Amino acid sequence: MPMLYLTEQGAVLGREGDRLVVRKGEEVLLSVPAFKVEGVWVFGGVQLTTPAIGLLLAQGIEVCFFTVEGRLKGRLTPILSRNALLRLRQFERYTNEGFRREIAARIVAAKLENARRLLLRYARAYPGPGWEKPLQAMERRIAQVQEAPDLETLRGIEGSGTAAYFEAFREMVRGELRFEGRHRRPPRDPVNAMLSLGYALLTGEMIGKIAACGLDPYIGFYHEVRHGRPALALDLVEEFRHAVVDRLVLSLVNRRAFRAEDFEEREEDGAVLLRPEALRRYLTAYEAFMRRSPGEGASSWRERLDEQVRRMARAVWSGSLYTPFRMEA
Amino acid sequence: MPYCVVAYDIPDDRRRLRLSRVLWGMLDRVQKSVFEGELEEHQLDRLEERIRRVVEAREDAIRIYPLCPACRRRIRRIGPSPLRADPDVWVI
Numbered sequence: 001m002p003m004l005y006l007t008e009q010g011a012v013l014g015r016e017g018d019r020l021v022v023r024k025g026e027e028v029l030l031s032v033p034a035f036k037v038e039g040v041w042v043f044g045g046v047q048l049t050t051p052a053i054g055l056l057l058a059q060g061i062e063v064c065f066f067t068v069e070g071r072l073k074g075r076l077t078p079i080l081s082r083n084a085l086l087r088l089r090q091f092e093r094y095t096n097e098g099f100r101r102e103i104a105a106r107i108v109a110a111k112l113e114n115a116r117r118l119l120l121r122y123a124r125a126y127p128g129p130g131w132e133k134p135l136q137a138m139e140r141r142i143a144q145v146q147e148a149p150d151l152e153t154l155r156g157i158e159g160s161g162t163a164a165y166f167e168a169f170r171e172m173v174r175g176e177l178r179f180e181g182r183h184r185r186p187p188r189d190p191v192n193a194m195l196s197l198g199y200a201l202l203t204g205e206m207i208g209k210i211a212a213c214g215l216d217p218y219i220g221f222y223h224e225v226r227h228g229r230p231a232l233a234l235d236l237v238e239e240f241r242h243a244v245v246d247r248l249v250l251s252l253v254n255r256r257a258f259r260a261e262d263f264e265e266r267e268e269d270g271a272v273l274l275r276p277e278a279l280r281r282y283l284t285a286y287e288a289f290m291r292r293s294p295g296e297g298a299s300s301w302r303e304r305l306d307e308q309v310r311r312m313a314r315a316v317w318s319g320s321l322y323t324p325f326r327m328e329a
Numbered sequence: 001m002p003y004c005v006v007a008y009d010i011p012d013d014r015r016r017l018r019l020s021r022v023l024w025g026m027l028d029r030v031q032k033s034v035f036e037g038e039l040e041e042h043q044l045d046r047l048e049e050r051i052r053r054v055v056e057a058r059e060d061a062i063r064i065y066p067l068c069p070a071c072r073r074r075i076r077r078i079g080p081s082p083l084r085a086d087p088d089v090w091v092i
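Sequence order for the protein chains is A and B.
Using the numbering used here, read the first sequence as starting at 1 and increasing by one per residue.
Using the numbering used here, read the second sequence as starting at 1 and increasing by one per residue.
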């Protein structure tokens, strides 16, 4: 079913009968039966009327609120009554150091492996000596993962492996937009802005899926539990960052679908953001990507995400091992 | 997803209004008393159930035509009533 992304600042999502209606001033921008909508993602200053909220809750439609730059602010959820037992298990597993380390090691290994495979694809397409060093660095890190005695060490390995990857990512960006290195909070160039936004969308999506299956998205195994941090969602996002968002961004940038004039710098903090029209195009491209098949079985990337959440739920429930997503080589 | 066309003829004003509300909740209005839209089989069942609750079988006439994809492509239309497919995403 279609997703509804609301980016038009000042628009109002209301309800008419069983329909969701988006208006701006007098103009009706969209009118659609609510049951057709899979989820609603709201960006920045878009209003929801109380009747609309009632309809969304009644239909079990997931609503996520993002800032204009794509930071997840919160979600609207129907009353959560599901699966208290699963959550108790999750708390139990969280206190089990061995379980946490094992899950974390598998996630980090898969994440770095996916990054390596993406890099390898570029190395094959554009042969050159520049790829050797980062590839070797990443292989070393991947090999170290299994020996890591604790989470702290794992985080160090992941950090330096990812740094090596982003070093090479500069060469993978081949369009006219420059990428000097990974910056977050705030992103300081267009490519970073697109990466950050993509990761945020993916995280928002994960939070919803995790909550829907009855797990607590805020209690993770690899990521530390911190106030307001969706640790489990971030755990599950790791294996998809490079396979989904980086590939999406690379394809958009490298075929010059986005240009410098699609971005603007915010005065307060120098954050580079997508302009409204570019944001819409980016969301459309993201959605199209998520609906594409990742190959081997799953009909879409989104379904692949679901599968990983189910695997995590099984691992939490039975204490069995979790198998992360691995990109095809 | 099958594409459905619903046409009706209802003499009573109140019932006609009620029915159009029910249809409008699940389909798009393409003509004064014709609605269309994509519906799964089970959604179609739900729609039929709702319609039955509103109408008076002795006086009212309602027809639901589910179209197969091939038939849908062969719809001929004259005049400004759009033929719409649900997109993957609405970005507003």
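These are calculated hints, taken from the structure and not from any lab test.
Honestly, I wouldn't trust all of these hints.
[Said to hold, decoys possible] Label-pair ranges, simulated between beta-carbon atoms:
(1) A/ARG75 - B/GLU40: 24 to 30 Å
(2) A/ARG75 - B/ARG77: 55 to 61 Å
(3) A/SER320 - B/LEU17: 55 to 61 Å
(4) B/LEU67 - A/GLU267: 52 to 58 Å
(5) A/SER160 - B/PRO87: 38 to 44 Å
(6) A/ALA298 - B/GLU40: 18 to 24 Å
(7) A/ARG255 - B/LEU67: 45 to 51 Å
(8) B/GLU48 - A/GLN59: 50 to 56 Å
(9) A/VAL28 - B/ILE78: 24 to 30 Å
(10) B/GLU48 - A/VAL225: 33 to 39 Å
(11) A/LEU86 - B/ASP12: 49 to 55 Å
Quick caveat, the model's predicted, so the values are computed rather than measured.
Even for Gly, the Cβ is constructed at its ideal location relative to N, Cα and C.
Hint by hint, here is what the structure shows:
1. A/ARG75 - B/GLU40: 24 to 30 Å: 26 Å, holds
2. A/ARG75 - B/ARG77: 55 to 61 Å: 42 Å, violated
3. A/SER320 - B/LEU17: 55 to 61 Å: Cβ of A/SER320 to Cβ of B/LEU17: about 57 Å, so the range 55 to 61 Å holds.
4. B/LEU67 - A/GLU267: 52 to 58 Å: 54 Å, holds
5. A/SER160 - B/PRO87: 38 to 44 Å: Cβ of A/SER160 to Cβ of B/PRO87: about 43 Å, so the range 38 to 44 Å holds.
6. A/ALA298 - B/GLU40: 18 to 24 Å: 21 Å, holds
7. A/ARG255 - B/LEU67: 45 to 51 Å: About 37 Å separates the Cβ atoms of A/ARG255 and B/LEU67, which means 45 to 51 Å is violated.
8. B/GLU48 - A/GLN59: 50 to 56 Å: 20 Å, violated
9. A/VAL28 - B/ILE78: 24 to 30 Å: 25 Å, holds
10. B/GLU48 - A/VAL225: 33 to 39 Å: Because 50 Å falls outside the window, the suggested range is violated.
11. A/LEU86 - B/ASP12: 49 to 55 Å: 52 Å, holds
In this structure, the hints that do not hold are numbers 2, 7, 8 and 10, in rising order.
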